[in-house]
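Residue strings, one per chain:
Protein chains: 2
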Amino acid sequence: MAIFYQPEIPAGVHSLDQEESRHCVKVLRHTTGDTIKVLDGKGSIYEARITTASPKACAFEIINTITQDKPAHYIHIAIAPTKNLDRMEWFIEKAVEIGIQEISFLLCKNSERRVLKTDRLERKAISALKQSQGAYMPRINELLPYPDFITKVQEKRKYIAYVDFSNPAKLYHIAPPGDTYCILIGPEGDFTEDELELAIQNDFQKVSLGNSRLRTETAGLAACHGLNVINDR
Amino acid sequence: MAIFYQPEIPAGVHSLDQEESRHCVKVLRHTTGDTIKVLDGKGSIYEARITTASPKACAFEIINTITQDKPAHYIHIAIAPTKNLDRMEWFIEKAVEIGIQEISFLLCKNSERRVLKTDRLERKAISALKQSQGAYMPRINELLPYPDFITKVQEKRKYIAYVDFSNPAKLYHIAPPGDTYCILIGPEGDFTEDELELAIQNDFQKVSLGNSRLRTETAGLAACHGLNVINDR
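Line by line, the protein sequences give chains A and B.
If you're matching positions, the first sequence starts at 1 in UniProt numbering and goes up one per residue.
If you're matching positions, the second sequence starts at 1 in UniProt numbering and goes up one per residue.
Worth flagging that the hints you see were computed from the coordinates, not collected in a lab.
These figures come from a predicted structure and were not determined experimentally.
Note that the Cβ used here is the ideal one computed from N, Cα and C, for glycine as well.
There are no misleading hints in this set.
Okay, the calculated beta carbon distance ranges per label pair:
id: 1; chain 1: A; residue 1: P145; chain 2: B; residue 2: N110; range: 47 to 53 Å
id: 2; chain 1: B; residue 1: H173; chain 2: A; residue 2: I62; range: 34 to 40 Å
id: 3; chain 1: B; residue 1: K56; chain 2: A; residue 2: P71; range: 55 to 61 Å
id: 4; chain 1: B; residue 1: Q18; chain 2: A; residue 2: L144; range: 44 to 50 Å
id: 5; chain 1: B; residue 1: E112; chain 2: A; residue 2: R139; range: 29 to 35 Å
id: 6; chain 1: B; residue 1: K42; chain 2: A; residue 2: V27; range: 47 to 53 Å
id: 7; chain 1: B; residue 1: T51; chain 2: A; residue 2: Q154; range: 55 to 61 Å
id: 8; chain 1: B; residue 1: K42; chain 2: A; residue 2: D194; range: 37 to 43 Å
id: 9; chain 1: B; residue 1: R22; chain 2: A; residue 2: R123; range: 36 to 42 Å
id: 10; chain 1: B; residue 1: N211; chain 2: A; residue 2: K156; range: 20 to 26 Å
id: 11; chain 1: A; residue 1: K206; chain 2: B; residue 2: Q68; range: 20 to 26 Å
id: 12; chain 1: B; residue 1: Q205; chain 2: A; residue 2: K70; range: 27 to 33 Å
id: 13; chain 1: A; residue 1: K206; chain 2: B; residue 2: V13; range: 40 to 46 Å
id: 14; chain 1: B; residue 1: P71; chain 2: A; residue 2: D194; range: 31 to 37 Å
Same shape as in the complex, but just chain A (with noise of 0.2 Å):
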């Protein structure tokens, strides 16, 4: 069944957005009475009967609704983008299929890519979202100077993730489960010293996430991953 994705469904006649009501309609051709399904990525996947075909506005009515609660922990990865607008494009989808609850980008001082439009990877999420039939979709945050971002954190577990083949931590060793994270992935060239001190100053932990030297992408991936891993119970 065709899945679409409306995050503002208001009491009374439901219908998709323009983008997804041309999807809907010109590309997939569906018709009235035809039943598709919708994520509202707030925790609801409706089963829905279309009841106008317009590719302007889809109108349809719920027939069914499946509510899925919420996880218990919380994973939210701030990142440094990378140069190559692809690598992040794909850490958003296998983030977002894996399970992620907000993403956030980093501007460093040693970040190759200091301006980051975040329009095209929130329609990557939606892709990604319906394509692994998630219920929520994660918040994505815009670009933000390093130490903006790290004074304002709110999640309880709070990790920089360094690499330093000294650094005993694990990350899935002193992660607990059940509880609200971030971790810091840092540039292609790693945090300075100075942002690292800044982390410390701020209560980040540093954690290693493995034996093996990993891209950027490749390491705001193992660590949500690595979370999801010891939070599924």
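For chain A, the structure is supplied; the task is to place chain B on it using the hints.
Below, chain B without anything else, positioned relative to chain A:
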């Protein structure tokens, strides 16, 4: 320091193969006397000095050798290649970064891709090995029909990833550390009932990779990373 891959390093005079020599001398403009790193993919990382900067056969002398022990575990992922080859290429790149010992490709009933050239995937693996400065090159096998493959598996722990939300056995809970593992990852259309049955007859255990629906390549990487996590002691 620039890194090159040279699987065969005979006694006496050492040199890079033609492709790596061209890259070293023509692209990176290295000259006689420069120091480079050479990986043999068999556990040794050499620090070397160029003795003859020839673009056809760049000769070098070994200054220093670092040898790495083989990991105590052995991860063998057998995956049905996706229609889109890019997805297999990134699976290979990421799996090599994270750590994998063997990759096989399965021709399943629901496989969208029925032919696969592994040479491009080999090159992806080599560049990922160089990028992550890994000491061991994984073995990459040609595409095999599913029944031919699963009767020949040597690993002690044999698992089949099967999308079955009633299935409680999570790979990361049941796989013991320090062992040899083979995990079967099916095509987008999943394994057929007959294929599942055949695996179970051949002592494969049905496992889940978590609560979310994963694409083929994401499932392969999740299995690879999850086994690295439980072995990362």
